[in-house]
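6 protein chains.
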Amino acid sequence: MKDMLDEFRVTDAPFWRQTSDEVELFTAAWDARIPVMLKGPTGCGKTRFVEHMAWRLGRPLVTVACNEDMTASDLVGRYLLDADGTRWQDGPLTFAARHGAICYLDEVVEARQDTTVAIHPLTDDRRVLPLEKKGELLQAHPDFLIVISYNPGYQSLMKDLKQSTKQRFAAMNFTWPEGETEAEILAHEAGIDSETAGKLVEIGARSRNLKGHGLDEGVSTRMLIHAGRLIKGGIAPRAACSMALVNSITDDPDMRDALDAAVATWF
Amino acid sequence: MKDMLDEFRVTDAPFWRQTSDEVELFTAAWDARIPVMLKGPTGCGKTRFVEHMAWRLGRPLVTVACNEDMTASDLVGRYLLDADGTRWQDGPLTFAARHGAICYLDEVVEARQDTTVAIHPLTDDRRVLPLEKKGELLQAHPDFLIVISYNPGYQSLMKDLKQSTKQRFAAMNFTWPEGETEAEILAHEAGIDSETAGKLVEIGARSRNLKGHGLDEGVSTRMLIHAGRLIKGGIAPRAACSMALVNSITDDPDMRDALDAAVATWF
Amino acid sequence: MKDMLDEFRVTDAPFWRQTSDEVELFTAAWDARIPVMLKGPTGCGKTRFVEHMAWRLGRPLVTVACNEDMTASDLVGRYLLDADGTRWQDGPLTFAARHGAICYLDEVVEARQDTTVAIHPLTDDRRVLPLEKKGELLQAHPDFLIVISYNPGYQSLMKDLKQSTKQRFAAMNFTWPEGETEAEILAHEAGIDSETAGKLVEIGARSRNLKGHGLDEGVSTRMLIHAGRLIKGGIAPRAACSMALVNSITDDPDMRDALDAAVATWF
Amino acid sequence: MKDMLDEFRVTDAPFWRQTSDEVELFTAAWDARIPVMLKGPTGCGKTRFVEHMAWRLGRPLVTVACNEDMTASDLVGRYLLDADGTRWQDGPLTFAARHGAICYLDEVVEARQDTTVAIHPLTDDRRVLPLEKKGELLQAHPDFLIVISYNPGYQSLMKDLKQSTKQRFAAMNFTWPEGETEAEILAHEAGIDSETAGKLVEIGARSRNLKGHGLDEGVSTRMLIHAGRLIKGGIAPRAACSMALVNSITDDPDMRDALDAAVATWF
Amino acid sequence: MKDMLDEFRVTDAPFWRQTSDEVELFTAAWDARIPVMLKGPTGCGKTRFVEHMAWRLGRPLVTVACNEDMTASDLVGRYLLDADGTRWQDGPLTFAARHGAICYLDEVVEARQDTTVAIHPLTDDRRVLPLEKKGELLQAHPDFLIVISYNPGYQSLMKDLKQSTKQRFAAMNFTWPEGETEAEILAHEAGIDSETAGKLVEIGARSRNLKGHGLDEGVSTRMLIHAGRLIKGGIAPRAACSMALVNSITDDPDMRDALDAAVATWF
Amino acid sequence: MKDMLDEFRVTDAPFWRQTSDEVELFTAAWDARIPVMLKGPTGCGKTRFVEHMAWRLGRPLVTVACNEDMTASDLVGRYLLDADGTRWQDGPLTFAARHGAICYLDEVVEARQDTTVAIHPLTDDRRVLPLEKKGELLQAHPDFLIVISYNPGYQSLMKDLKQSTKQRFAAMNFTWPEGETEAEILAHEAGIDSETAGKLVEIGARSRNLKGHGLDEGVSTRMLIHAGRLIKGGIAPRAACSMALVNSITDDPDMRDALDAAVATWF
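Chains as they are written, first to last, in full-length UniProt numbering: chain W, 1 to 267; chain X, 1 to 267; chain G, 1 to 267; chain H, 1 to 267; chain F, 1 to 267; chain D, 1 to 267.
With the rest of the complex left out, here is chain W (with noise of 0.2 Å):
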């Protein structure tokens, strides 16, 4: 079991460029061990936000995408047949509690929610986990933790956290890195020089500012750093940003023109 603790742990340094305070907050929550809401739009940074902290405190990660077919026994657990008869085998979240992980919940908004609801306990002062098909009484290892993320953009009357959820996390805001910090760590990720890196975080500025205006979202930092390769593999910037910035968010030809103009200006 330890040995498979230790494909959770994070080994190699995520590359992680501080905007504000956020390194401390995280740490203080981890030391008063207060569960963590990480909020912001997709592909801000908050997977590896958490991926790098639990790095910088030495813990395993645990990390679960969630989906509204997941069930709580999915992320509890469950009895397996075996030769010898049943065999329980721990769920992820159970993993983490018994064995001192952070158990990261992405989009947990997604989640049904018996899944949510499961998490409570452990987030109450006594830190147990009812294990009701196994008849046990967990009691979480001093070093764990509950970290979820939630895009609130995404939120609607049919999904959203319940309050007596949200009650028992301090939450945390990001949103994209500010320009010459997105453009380092387009530079870092994609190998390009900062000048292409500059030309694409204005590209992506610009498309942030048509959300509400015909697009669901802005290009991301991850979208930035797939052009940022296609154009370090020797693809025209033109084709490149068309292939993953453009075509990949929207099928709307007048944002599609739109977001082709903005590619022009720069490129």
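Hints are not guaranteed to be accurate.
[Stated by the list, open to error] Heads up, simulated DSS-like pairs for lysine-lysine below, C-alpha to C-alpha not over 25 Å straight-line: (1) F:K162 <-> D:K162; (2) G:K162 <-> H:K211; (3) F:K134 <-> H:K133; (4) D:K162 <-> W:K162; (5) X:K162 <-> G:K162; (6) W:K211 <-> D:K162; (7) D:K134 <-> F:K134.
[Claimed, not checked] Calculated Cβ distances over 10 Å to all of chain W for the following chain D residues: (8) E7; (9) D12; (10) A13; (11) T181; (12) E184; (13) E195; (14) F267.
Just so you know, the hints here were simulated from the structure itself, not pulled from any lab data. C-beta: ideal position from N, C-alpha, C; glycine also.
Start from chain W and add chains X, G, H, F and D according to the hints.
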């Protein structure tokens, strides 16, 4: 089995500051074995109170966080496949009824109807639990009691307890602790001085006035404790309040400004 | 199996105060083996009556609290996996039909249609139960009888018994016991003096007039017994009524005031 | 297996008073092996008729009460887990097709579509039943016949037989037996004198005129038999009619008064 | 397995009266292994035609009556539990693809989308079937062909084939056989003289004019054969037509009168 | 396992006529291991293109036809019951990730959200796949790549990819091949002369202009190949076009006339 019962004993006295006659009322209901319903907003101390009473009455406490995907079998029990065929495993409700624990169904209104109907025979005079799948008619232990919690603010047409369920319970209303009591709780739980605690209580009270005017719920005692702990951990009070109170309770920029202003009044 | 049947015998005479010819009617239906439907509001004594009749007729009683997630298999039976392969286990309906018990389906309108349709062949002249999964055509025991309960106030377009189900039953209407009878029941069940019992009955009657004017249901006899027991346990009458009658029946502040005022008139 | 077939034989001649050419028509359909659909209101004798014909033709009768949760597997069969692995078990339809019984699907419109579609190949010229899970193409026994019942009054947009199903059946219309015939049936089934029987028939006829004017269905012959049996058992005629006819057919006070008045005209 | 394939061979030539070039078109599609879609109203002979073609081409025919509860696993196959663990069992589609049968999906529009999507790879140029659960990529037998039937009159917004499914098939339109052809079929199938057959054909034609004016579908050839067989069996023509044509196609009294009048014109 | 990988190798070069820089773009994305989304109407060659690229890059290709009933387990894998207990079996996505194949999710928008979310971690920088049920964190093979296809014309409010999914892919737009290219494809695939091929291309173009004016989609290249093959097989061109193009694309008589007229212009 005895050992497992011990897992559910509340060994350390949970901190409770009595505000009215709630201890006497609960004790009288317990003496007459009348099922109890705790009503009140999220995070006001219902769970803490039942833990306190379980400790005070010396009874083990089996807590079940209800959710809409929980089935009656999750509560009552099921057959598991074993090396020697199937083996019955009591669910938490059956376990509590058999061994004389207090069974606390937290946020029972979230559960599916089959879950709530399953408790009816245990709240009748005969106090039995028909384990239909096992063919057993379980007579509840004399010390067994059902307690449920219920947040009237959440009830809707789709999700409300049936009258035939409600009428089986005596009900106690809970609300936020009054100023001084809450400050005392904050100081005790977060380890902060009473002046800081008092300021946090004021911020909490201010937020609760915003309920129904842009906030679904006011800031809970639990959230104030989080803020206190972050302050205790060295975070500046304003940043601590942002993280623990403001960001986690609302995504609305206007409400955030209003709450930040309330924080700035005191820190 | 004989032993298990004994579990379902009603050994102590359940207290019943006859108000009309209900005992004779039920006995005649029993003699002619005509299935019986008990109609009336929640908590008015339908369950108590069927227990009383089972005791009076000397038949075991198998009670099933119906709910919308109960399947026909829960009622009829299923195969369980055993060390020697699968083993058939009778459900409560089959158990009752095979051994000649009264099978009482409480709140049958809550059940899914497959559950209600499963009882059709047992209410035909041939009184058989096809156990399709087992390939058995069970001929009901001569002493078997089906009794169902039904609250007309709850019926809606979505949840009503099918005509083809209703027509298989002779129906008896129940309502709250009249003043003196109810006082007698309260005194007997809660162990209080008849003056206190009389006051509680008055409060109950007052609340029942509010049905349809802000209350979904009036206070049931069961709730009055709860209040009586709390008073007997030393709680002040007003607090006992608040806990047992007012708080559990409504969340509406105005209705609460109205009911509290009714309580204050008598205590 | 032979023995089990005997369980499904109708040994005692079910009482049937022919009202038209129904016996000849059914016999001709049987001779030509044309599937038959019996149409008519609930409780008018469709089930009784098919039992009578099964007895007259000397064929075993397998009756299936259809419901909306019945699956095609419930009808066709499934694998059961056994000590030696899985074992196939014929469902009632397959059992009847294999051994040459009449298979009667009662209230087929309640079944899910997969159930009704499963019978299509058996009503084609080739009269086969593909047991897809077993990999067997079962050729129906020469004496096999499918009979279904269907209440046109219930059909709705959501629940109606598909045209491609209906067209596979020859259909016979049933309705309430005419006055004298019904009186004869009542006298025979309830053991009452013909005068009382006649009065009950009049009450039934009166109620059937109320269909569509406050009643969903009129009183069925079955209900009149219930009333007759209660009278035979010593219950006063008015009380017997209240219990067997009025209370079970309606919850509406006005309709109840109207029906009680009809009863009072004759008793 | 060879033996089981034989079960699916069409040994007796199904009667087919060619009305146009349908045999040549199907044969050409078969030669080019282009999947075929048969379109037309219920009971007009689509199933009969595919049986005829299977016999003519000497290929086994695997017919699947589609329904909305059929899963892709029902079509493709599944693991069964055996004494020696799990054993894979081909579904009808896989069986046909592996052994070179014609697989006929009757009323494919009734099936769930996963069922129709499962056939896509078999209708691509590569003619493969990925058995994902088995980890096998099955290359279809050279003689395998998919044929589907489809009734355009039933298609609705909810139930229609996806464009990406339709485009994989060449389609043939079917309708009722013309007068003389249908009479010939009736005489052959019901064993009646050609005069009676001619009259039935006239009645059928009259009913088909009522389609859309009170009838969902006209009387099918199959129903006319039923009527013919009842007449052949000694039933008076009017009674036979009532039973086989009128009662089974409509519950509406006016339509019934109109159809009865049409019958009376000829008999 | 190596052998099974070979099953998925594309051994014969799939015919592909390059129309733009699509091969270079895909190759660059492959070099940078950026997931690719192929956008375009049904039957325009997306599947053919990915087969061509897999062959060109020498990578095995695992194709999954997505559908709304496919679960994440169908993609990721599951435990199978074996003689020696349970045995894990990789799903197609896991198989491809483990052994370095291209995994092509065809019509991914049809899949349930849990299926699409399951691919998120594989499209992150860490390129891992958490096999939660197995307790394994699979590091993708360096040669693994995800490709998805997507038809923008089908997307609706209910069925669209989430922004957080879209942003993980670089996207390429596909449309029908231009006239001469398509004629070349037809001649090659159907074995017809270039004049006939040219006429079919004209008919295709005409039909595509009707998209949105009565047709949901225009005639695809695949359908033109069908028509060509039927002509090659000796069917008269008009009959071949009726069967392969007209009847399969529309049930509307007016549209059928319009298309038949288009056919008559050229043949």
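Hints versus structure:
Distance check on the hinted pair: K162 of chain F and K162 of chain D sit about 22 Å apart at the alpha-carbon level, within 25 Å; holds. A distance of roughly 15 Å separates the Cα atoms of K162 of chain G and K211 of chain H; the hinted pair therefore holds under the 25 Å criterion. At most 25 Å may separate the alpha-carbon atoms for a hinted pair to count; K134 of chain F and K133 of chain H meet this at roughly 16 Å. Between K162 of chain D and K162 of chain W, the direct Cα distance comes to roughly 22 Å. Compliance with the 25 Å bound is thereby established for this hinted pair.
Our distance criterion of 25 Å between C-alpha atoms is met by K162 of chain X and K162 of chain G, whose separation comes to about 22 Å. Note on K211 of chain W and K162 of chain D: the hinted pairing holds, with a Cα-Cα distance of about 15 Å set against a maximum of 25 Å. Distance check on the hinted pair: K134 of chain D and K134 of chain F sit about 18 Å apart at the alpha-carbon level, within 25 Å; holds. Once the 10 Å rule is applied to beta carbons, E7 of chain D is consistent with being away from chain W; the minimum gap is 29 Å.
The Cβ of D12 of chain D lies farther than 10 Å from every Cβ of chain W, with a closest approach of about 28 Å, so its non-interface assignment holds. Once the 10 Å rule is applied to beta carbons, A13 of chain D is consistent with being away from chain W; the minimum gap is 24 Å. For T181 of chain D, the non-interface assignment is confirmed: its Cβ lies about 20 Å from the closest Cβ of chain W, beyond the 10 Å cut-off. Every beta carbon of chain W lies more than 10 Å from that of E184 of chain D, the smallest distance being close to 25 Å; the non-interface claim holds.
At roughly 35 Å, the least C-beta separation between E195 of chain D and chain W is larger than 10 Å, which holds for a residue marked as non-interface. Separation of F267 of chain D from chain W is adequate, the least Cβ-Cβ distance of about 35 Å exceeding the 10 Å criterion.
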